[in-house]
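Novice: One line per chain: the protein sequences are A and B, in this order. Numbering-wise (full-length UniProt numbering), the first sequence opens with residue 1 and increments by one. Numbering-wise (full-length UniProt numbering), the second sequence opens with residue 1 and increments by one.
Simulated from the structure, these hints should not be mistaken for laboratory data. C-beta: ideal position from N, C-alpha, C; glycine also. Misleading hints may appear alongside valid ones.
[What the hints assert, rightly or not] Heads up, simulated PhoX-like pairs for lysine-lysine below, C-alpha to C-alpha not over 25 Å straight-line: (1) Lys804/A / Lys579/A; (2) Lys1127/A / Lys530/A; (3) Lys1039/A / Lys804/A; (4) Lys884/A / Lys128/B; (5) Lys61/B / Lys884/A; (6) Lys1222/A / Lys1191/A.
[Stated by the list, open to error] Residues of chain A placed beyond 12 Å of chain B at every Cβ, according to the derived structure: (7) Gln694; (8) Ser711; (9) Asp982; (10) Ser1119.
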Amino acid sequence: MSAPAGSPHPAASSRIPPKLGGAAAASGAAAPAGPGPGPHQQNGPAQNQMQVPSGYGLPPQSYIAPSGHYSQGPGKMTSLPLDSQCDDYYSGLYRVATQNVVTPNTASQQPGAQQMYGSVPPAPHVVGSTLGSFQGAGSSASHLHTSASQPYSSFVNRYNSPAMYSANSSVAAQGFPSTCGHYALSTVSNAAYPSVSYPSLPAGDPYGQQMFTSQNAPTVRPVRENSFSGQSTAISHPSPLPPPPSQQYHQQQSLSGYNTFAWSASGLPSTQDNLIQNHTSLATANNPTNPVADTLSCSVMQNVQPPKSSPVVSAVLSGASSTRTPPAAGRPVEPLASVARPSELLQQKGVDSSSTTSSASPMPNSYDALEGGSYPDMLSSSASSPAPDPAPEPDPAPAPAPAAPQPSKMAKPFGYGYPTLQPGYQNATAPLNSGVPPSSPMYSGFQQYAQYPGMNQLSSSLGGLNLQSSSQPESLRPVNLTQERNILPMTPVWAPVPNLNLDLKKLNCSPDSFRCTLTNIPQTQALLNKAKLPLGLLLHPFRDLTQLPVITSNTIVRCRSCRTYINPFVSFIDQRRWKCNLCYRVNDVPEEFMYNPLTRSYGEPHKRPEVQNSTVEFIASSDYMLRPPQPAVYLFVLDVSHNAVEAGYLTILCQSLLENLDKLPGDSRTRIGFMTFDSTIHFYNLQEGLSQPQMLIVSDIDDVFLPTPDSLLVNLYESKELIKDLLNALPNMFTDTRETHSALGPALQAAFKLMSPTGGRVSVFQTQLPSLGAGLLQSREDPNQRSSTKVVQHLGPATDFYKKLALDCSGQQTAVDLFLLSSQYSDLASLACMSKYSAGCIYYYPSFHYTHNPSQAEKLQKDLKRYLTRKIGFEAVMRIRCTKGLSMHTFHGNFFVRSTDLLSLANINPDAGFAVQLSIEESLTDTSLVCFQTALLYTSSKGERRIRVHTLCLPVVSSLADVYAGADVQASICLLANMAVDRSISSSLSDARDALVNAVVDSLSAYGSTVSNLQHSGLIAPSSLKLFPLYVLALLKQKAFRTGTSTRLDDRVYAMCQIKCQPLVHLMKMIHPNLYRVDRLTDEGAIHVNDRVVPQPPLQKLSAEKLTRDGAFLMDCGSVFYIWIGKSCDNNFIEDVLGYPNFASIPQKMTHLPELDTLSSERARSFITWLRDNRPLNPILHVVKDESPAKTEFFQHLIEDRTEAAFSYYEFLLHVQQQICK
Amino acid sequence: MNISIHPCSWPYSTSACSLQLTIIAFDELRTDFKNPIDQCNPVHARERLRNIERICFLLRKLVLPEYSIHSLFCIMFLCAQEWLTLGLNVPLLFYHFWRYFHCPADSSELAYDPPVVMNADTLSYCQKEAWCKLAFYLLSFFYYLYCMIYTLVSS
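Model the full structure from these sequences, guided by the hints.
Specialist: This is the structure in structure tokens:
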């Protein structure tokens, strides 16, 4: 990796390779657009590109008309009696089907529409009081609105029904301000709906008055959607040029300016009247003591607008959003990445193909009233990306600011606050942002915080002022769980955004790589104990990234005492010194660091890429290695006993290897070797010069030796012909074998001996219980116990052999990956140890057979392709550091813990996730921020020693309410799942299940008794945790933890292994699958990925009541997809998508969608392909006919329904409530 | 009356010594090479791993003697009908039994599993346990000594 030509400084050179994909294109497109900010800029493109105006132009009545699709929700709800969910699902279904006829007033009738589990009286909706209301933010907001101003009521109604599904949830999911309290009112609307001004709308338009209010709205969610459109505009529709990111900045500033009205007044050349109005309205709205607040905020509510905001705004974020849609799903890229920062596609072989940046739909915004669901659709379009979801953009979105140079403050979008930027700085940055091409203003914007800590303190104290005037954030809004019928949002749940100031938010690590269960860290362990929530980190450190700054430098700047890498959250005391943010030691800035290769300027250490990015990769110098980096070495250990030959995996493996031989990551030193075993061990001499591969048989399995140690692992390129010969011959070599025994243990010992000089990766393919030699196993499963509700035994290993072997391997930098393809019990619990402790990975294909079970065969083939070509890191170690006062205590994942904060990973792959539990050892009272840093040191397949560093920064809070407000329910559930796996192995499964239930009971009762002081009969949870019981129930019904349902021991153990080593995004799908209705896919809200239009249907809750007989539903369980076809499903759908004339002719086993040349087929296929992209495990698709025997598998995943052995969701809630009351 | 105490002081100190060793071993486990560059070096991986395994092996070897000596004591107290002393020791005895027979999973392994032992909470738990037991053994050692001398003097 060479430095860019002409880099004047010899010592420090950052590499600036060209970037691929949309970010570059976007920035390129953005640059010429020119700054010229102003209202027209936002509106022009909006109207050109989207059909928004048409949607708006429609008379209000037309919105109510749509009925059909979305109004079906409320209609159904009202119709269903309390016990419907316990019924046979048909009853619910059919009733629903008949009652789909929706009267127009369903939409406008809030309480009726939202009847909860039957017994709930319509909630009174009082303006400003949302505590008692169980409605979504959006709906309550709209209520307020309705009551406030009649002209808008129709407008509001128009959105009500979609909002009912989604608004509350979407708001909550993002952790946005709540409807509680006066202040929140404004923000709610902002969060739920983009606020965009439409100055060009006719005066008589009902939205006319919105113009002024909307501008102060910190929208959040829309930004993401918009960013899509922006992306697309940048790429596929160059004509309406989006403005540069700078636009966004001043917009933010302007909006925050409103919040901090008092300060910003200083230098405000605010030109427009309406702006000033905004100032006043928001200023008052922010003030909880102001009695007028409610009414004022009602006017603010008019911001409730369709999400179609201008593409302008979106274009701004193009950099950030680009990562969401592409299959390679990078992390959200900070805008600053777009042009100038040294970045490179880190994707290596095999990943490249998927690294294209997506483009978004040019017209995702057609807001036609047809299905009415467009708003939810939109949301889901952004949200349901199969790729690791990028951060919910923290940026409060730019309300279109009319005047460009709007000097104002960066205030956080929520009221309860943290340091904001100094006014003085803002004044300085604003002009920059407004007019300069994308990259530079970013830098100038970011630098401020890191550079002048003194100022930060000042600003933080100012931020403290802000804090007093704030009220409850949205994530704290109490939700009465027993009355909230549609708890699941229509859009996927986002990681909550840490409550930091804007600068830090932008710099912060992507939640895909690094996530904490509590985004507000409690100050003391006592506080944490009170909250009864787990504290821990979830890591996905080696994720495939589309963009990553790679830094080559002679000296890697690190803290001298704690060895922390310099990161964006350190503070520069002056030009020559920086203060470590983990141990607070003051360090010198080395001379080399003073030079910034980006700007080629001297004396600006705060502008170095290390300080501008929270995820960076260093090329390590020779200090970091004592021996030369190891070459890529791959060894395949294959079972060739009768059982294996019968299953026929060899053909698939050899075929796959032949295809991907050139794509194996590695350099010219790459080495490869093969071993096979049955009751003896066969080695293959592939030494260059031989005319054909030579098979060497070692039958002494008690004392294995290597026949020719030098020629068994050969250079891939020198011996390629021999290797190909071998791979072609291998499937047929053992066809008539009669050997049924399997000497896996001795084979592994031989593999270890073979690998120990170099280290590398051993891939073991095993099809049965090892029956010979060391490490032989006996069957431990009692099939009669499979559905036992009491004790599940044998979850732990039966022998130490595999663990010891794994430790030996780990010591020699060898990882063992296990592919278990068996039809009967193979004691995965014992075998998995070989991968667990050597940092390998485990694949399991139950009842594999290449002809009898073609879907498994196909899955193996696709998994192998990914496995062979994905990026790999060798001899890796990962160290996790955290701010003084915090300490890590338990690690989860596949690795060996070498010292208390150092994980030894023989191999690291992009699909490995880790979890860490934290405890607070010392009080954190003297700090307002804590940081976590993960440093992964590895040898790349090209023989480079690299260090990938992620840094996460989180605020510290002292009140219990704030702790709850910052809870990240998905991260918590994943951590709990990890802990539960440990518990079930060390103690028992029932203990683990109890612990899971107790986690819900404890946290909710702690919340009820401390934070919400209201006396409720129901089960109250903070909005941030409202999905907690649902997810825990899902966990209890997960294969790993379920009881009472027949579960094979190996399946259970495999699920546990998955929980331990899957990264969060994939794990969540495993725990709580996504259900979509696919027979009516539309392009509404669709996104563009690689020139494909990907429709974005809304999420359905996992209950049979959602399955209508005339529909088709797709369930995404992570490693498997089901398409359920209802009995009376539309024949058009069956014909167009499935390729069969009617329901009866659909075959029982169908695993593919035919490539038909119809629109609906195209939509369905592109949606499924999009969901499939970038999964570590390639999901197989099963088409499940209603009434086919396979449907039980599908129905197992409907976790909100009752099964014979487990609660329904509502029953579970009652159970939890009962426990709390005890 | 307290005859059984006398010969027992000897093995008792052995038991305490084994505890002492345990503590030293844990200390060694905890000791970290502070230089991470060194730590991260693949060459050291093996060394470190061997170290951990060696210590775990040592710890496991110490477990059985300690437990059996303590049980032996309890049996002797029982024979000598030293109810008070026995009462003092019974909780620890039960704890030992629990520790010994409550093996996670099916494996025959005791505690001190190399992959697990470096988890900070396991490590600190073991360390605390060792310190507490050491204190208990020392106190009871002096108590027995006192009892013995008292018996000798009074008889």
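Novice: Going through the earlier hints one by one, which of them does the structure break, listed in rising order?
Specialist: 1, 2, 3, 5, 6, 9
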